[in-house]
Amino acid sequence: MLEIILMIIIVVSAILALIQKDLLNAAILTGFSGGALAVLFQILLAPDVALTQAIVGAAIVPVFIALTVKKTQRSDD
Amino acid sequence: MNELIPLMVIVPMIAALLLSAFSKFDKVIKVLAFVVAFCLPIIPLVSNYGLHYFGGYQPVLEPITNMTYHPAITYSFNFMQQIFIAIIGLLTFLVIFIYLTKYKKVSGPYLFLVFMGTAAVTALILTDDIFNMFVFFEILALAQVGIVAASSIDYSYEMALKYMILGSIGSPIMLLGIGFLLALTGSVNITDIVLAIRSGIVNFKSPVFLISLGLIFFGWLYASGLPPFHTIKSGIYSKAEPHGAALLQSFTVISMISIVLILFRVYSVLPIFEVLIVLFSVLAMILGVSLALTQTDFRRMIGFLAVGELGFIGLGIGLGTQFSITAGLFQALNEIVITALLFIGFGAIVNATNEVDTRKLGGLLAYHPKVSIMLLIGGLAMAGVPPLSGFQSKLMLVQASLSCGYPELSILAIMVSIATFVVFVKTFYSMFLRPKPHDLDVVTKDVPRAMIFAMAVLLIIVIAFGLFPDVVTNGISQYVGGMIH
Amino acid sequence: MSQLAVLFTSVALVVIGLYAAIFVDNIIKKIIGISFIEEGANLFIVGIGYKSGGIVPILAPNMDVSWFTANASYPLPYGLVLTSIVIGASTLAVMLALVMVLYRRYGTLSTKVMLADTSKQEEYDE
Numbered sequence: 001m002l003e004i005i006l007m008i009i010i011v012v013s014a015i016l017a018l019i020q021k022d023l024l025n026a027a028i029l030t031g032f033s034g035g036a037l038a039v040l041f042q043i044l045l046a047p048d049v050a051l052t053q054a055i056v057g058a059a060i061v062p063v064f065i066a067l068t069v070k071k072t073q074r075s076d077d
Numbered sequence: 001m002n003e004l005i006p007l008m009v010i011v012p013m014i015a016a017l018l019l020s021a022f023s024k025f026d027k028v029i030k031v032l033a034f035v036v037a038f039c040l041p042i043i044p045l046v047s048n049y050g051l052h053y054f055g056g057y058q059p060v061l062e063p064i065t066n067m068t069y070h071p072a073i074t075y076s077f078n079f080m081q082q083i084f085i086a087i088i089g090l091l092t093f094l095v096i097f098i099y100l101t102k103y104k105k106v107s108g109p110y111l112f113l114v115f116m117g118t119a120a121v122t123a124l125i126l127t128d129d130i131f132n133m134f135v136f137f138e139i140l141a142l143a144q145v146g147i148v149a150a151s152s153i154d155y156s157y158e159m160a161l162k163y164m165i166l167g168s169i170g171s172p173i174m175l176l177g178i179g180f181l182l183a184l185t186g187s188v189n190i191t192d193i194v195l196a197i198r199s200g201i202v203n204f205k206s207p208v209f210l211i212s213l214g215l216i217f218f219g220w221l222y223a224s225g226l227p228p229f230h231t232i233k234s235g236i237y238s239k240a241e242p243h244g245a246a247l248l249q250s251f252t253v254i255s256m257i258s259i260v261l262i263l264f265r266v267y268s269v270l271p272i273f274e275v276l277i278v279l280f281s282v283l284a285m286i287l288g289v290s291l292a293l294t295q296t297d298f299r300r301m302i303g304f305l306a307v308g309e310l311g312f313i314g315l316g317i318g319l320g321t322q323f324s325i326t327a328g329l330f331q332a333l334n335e336i337v338i339t340a341l342l343f344i345g346f347g348a349i350v351n352a353t354n355e356v357d358t359r360k361l362g363g364l365l366a367y368h369p370k371v372s373i374m375l376l377i378g379g380l381a382m383a384g385v386p387p388l389s390g391f392q393s394k395l396m397l398v399q400a401s402l403s404c405g406y407p408e409l410s411i412l413a414i415m416v417s418i419a420t421f422v423v424f425v426k427t428f429y430s431m432f433l434r435p436k437p438h439d440l441d442v443v444t445k446d447v448p449r450a451m452i453f454a455m456a457v458l459l460i461i462v463i464a465f466g467l468f469p470d471v472v473t474n475g476i477s478q479y480v481g482g483m484i485h
Numbered sequence: 001m002s003q004l005a006v007l008f009t010s011v012a013l014v015v016i017g018l019y020a021a022i023f024v025d026n027i028i029k030k031i032i033g034i035s036f037i038e039e040g041a042n043l044f045i046v047g048i049g050y051k052s053g054g055i056v057p058i059l060a061p062n063m064d065v066s067w068f069t070a071n072a073s074y075p076l077p078y079g080l081v082l083t084s085i086v087i088g089a090s091t092l093a094v095m096l097a098l099v100m101v102l103y104r105r106y107g108t109l110s111t112k113v114m115l116a117d118t119s120k121q122e123e124y125d126e
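Protein chains in written order, with the numbering used here: chain A, 1 to 77; chain B, 1 to 485; chain C, 1 to 126.
Please note: incorrect hints may appear among the correct ones.
Derived list of chain C stretches under chain B, where covered just means 3 residues or more per stretch with a C-beta under 8 Å from a C-beta of chain B [what the hints assert, rightly or not]:
| hint | region |
| --- | --- |
| 1 | 2-9 |
| 2 | 55-68 |
| 3 | 76-86 |
| 4 | 102-115 |
The list that follows gives simulated cross-link-like pairs (lysine-lysine, DSBU-like), each with its CA atoms no further than 35 Å apart [unchecked claim]:
| hint | chain 1 | residue 1 | chain 2 | residue 2 |
| --- | --- | --- | --- | --- |
| 5 | B | K360 | B | K102 |
| 6 | A | K21 | C | K112 |
| 7 | A | K70 | B | K105 |
| 8 | B | K24 | A | K70 |
| 9 | C | K51 | B | K205 |
In case anyone wonders, no lab produced these hints; they're calculated from the structure. For every residue, glycine included, the Cβ atom is placed at its ideal position computed from N, Cα and C.
Excised from the complex, chain A in its bound form:
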């Protein structure tokens, strides 16, 4: 059951990230999706992958995107 909820979180936050007008929100939603994916990896019996994905997907990728947004512009137009 938990994995179904996680999968819904992943897909929905991926879609939401792409329709945001504010790119900073998009970055945070990408982190949501990555973090949920990390938990899903844990459920799929891959703890090592889950650890890596938790760091990369939930922290590094959104921070990189947020830094780029800070250096460029925040709104999507």
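Knowing the structure of chain A, use the given hints to seat chains B and C on it.
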């Protein structure tokens, strides 16, 4: 000395890291880069043939199915790998040499990218592990993007970003294909996969197998710049510095043949596989030459011609006989050398005139006779004029397609060769032979000696392969025979 | 059941990512889309190794080896995904760096403006 096999990848990689780390010390990195680049072509020549298992994990005989399987990442080194790695090492040496003599202040990161690219293609051609291939495919894509972005030509960043976006769509798709193959066979070692398919454990008629072919094939098209990626590929050649472009095209050729040989070993049981390769190769030949005809920027023209030549390689491999694959690989070897020669030669012209439009050039024969003669010979070799190396490989290809029962393909190959000849002679005429336009001011400074030296070395190889093709083709033919059976 | 759901999620991620990478104009969203494609591919490969009702493939000292091989999930795909995640992050970083450089030149994140100039230049060349 089998221990040298991993060193072919490790040496350029460590050199790259050191160069990047010590980029503040100008003198040190100059010496280091030169020494390592000098060693690169020598290591494969003194190494023995054989297999290398990383971590020392020998193949294991499984008692139940009575099949061996390879737990380690395996590198296999044979005559074919030796000759290609030696040529790529030589080319890297020449490029580094040109770069070091051209600039007073050298950039460590740029040398890092060059060495990393060389390490990646060396690993690509050595590896017998499909995931290892994917990793180095990605490293190679990053190195190529870096080499393009580091050039000082306008719009190079845009081209690099475009190439990168296409690449990062292509590589996960390739990864998915590898995933399907892994799901089907349970292994990433290509020898194991081939054994599983041949012995009937894996049903090769299943749609999953076909899907994996489609996905990996897409990645291959991107890596080799065949249509629909021919425009972006010739674009990145024209946005890189000339010596960088010479290296980039050799990376493309090597990644093309190493991935297609892996694909051939795994998928040649499917009849559609060879049709697909021949189809895209023919498309590349026709599109490459016809787009080259319309170009006025000669760097782009060479880029499109190089794409057209890639079609010849694909044609040889797609026909699928021992003779045709040998011809295709020999063509690949020739193309690396000839296209590098052309890129460096035209780079020398850009250096002297700061002009890339053939309509605005003319009368350069009087200013740069050495460069123009060498360029002419290189162009004739590319078009397939005897007794140069391009002629030998194209003759083999035409014979191969005739003996396979496809006279249409051999006629097409001859026509594309003639068109290549026309494109090249037209460009050569407008650049070197016709009267000099009044508004063109040729800087009367000499072409750098290093460029002349590099061209001369490459030209000697072209003529040597043309006169004595057996030296190479016999060994490659043996390797191909071992691969097919 | 849960493997089917994993397959569905990974396909959904790849499709969403492809849509974003091809049709969305904003370059940062394109790159986010590309990272979704990579995540989808990774999830798919982890799904290959997963064994329903199995255990984590770590051999503890007091385990029976034959029981372990019968129940553990397949660890090879997990090793591949580790590499693939790191590769994905590094390509993402390079792309974002190029975007920062290009933003300084064009002052916009629109792909049509940012990447169109090369094709304009090509038309001019032709």
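These are the hints, each one checked on the structure:
1. 2-9: That given contact is violated, which follows from only 0 residues of the region 2-9 of chain C lying within Cβ reach (below 8 Å) of chain B.
2. 55-68: violated (count 0)
3. 76-86: This one holds; 5 residues, not fewer than the three required, reach chain B with a Cβ under 8 Å.
4. 102-115: holds (count 4)
5. B/K360 / B/K102: Holds, at roughly 26 Å.
6. A/K21 / C/K112: Since the Cα atoms of A/K21 and C/K112 sit roughly 18 Å apart, the hinted pair holds (cutoff 35 Å).
7. A/K70 / B/K105: holds, 34 Å
8. B/K24 / A/K70: The given pair, whose Cα atoms are some 30 Å apart, holds under the 35 Å limit.
9. C/K51 / B/K205: The given pair, whose Cα atoms are some 25 Å apart, holds under the 35 Å limit.
The structure shown violates the earlier hints numbered 1 and 2.
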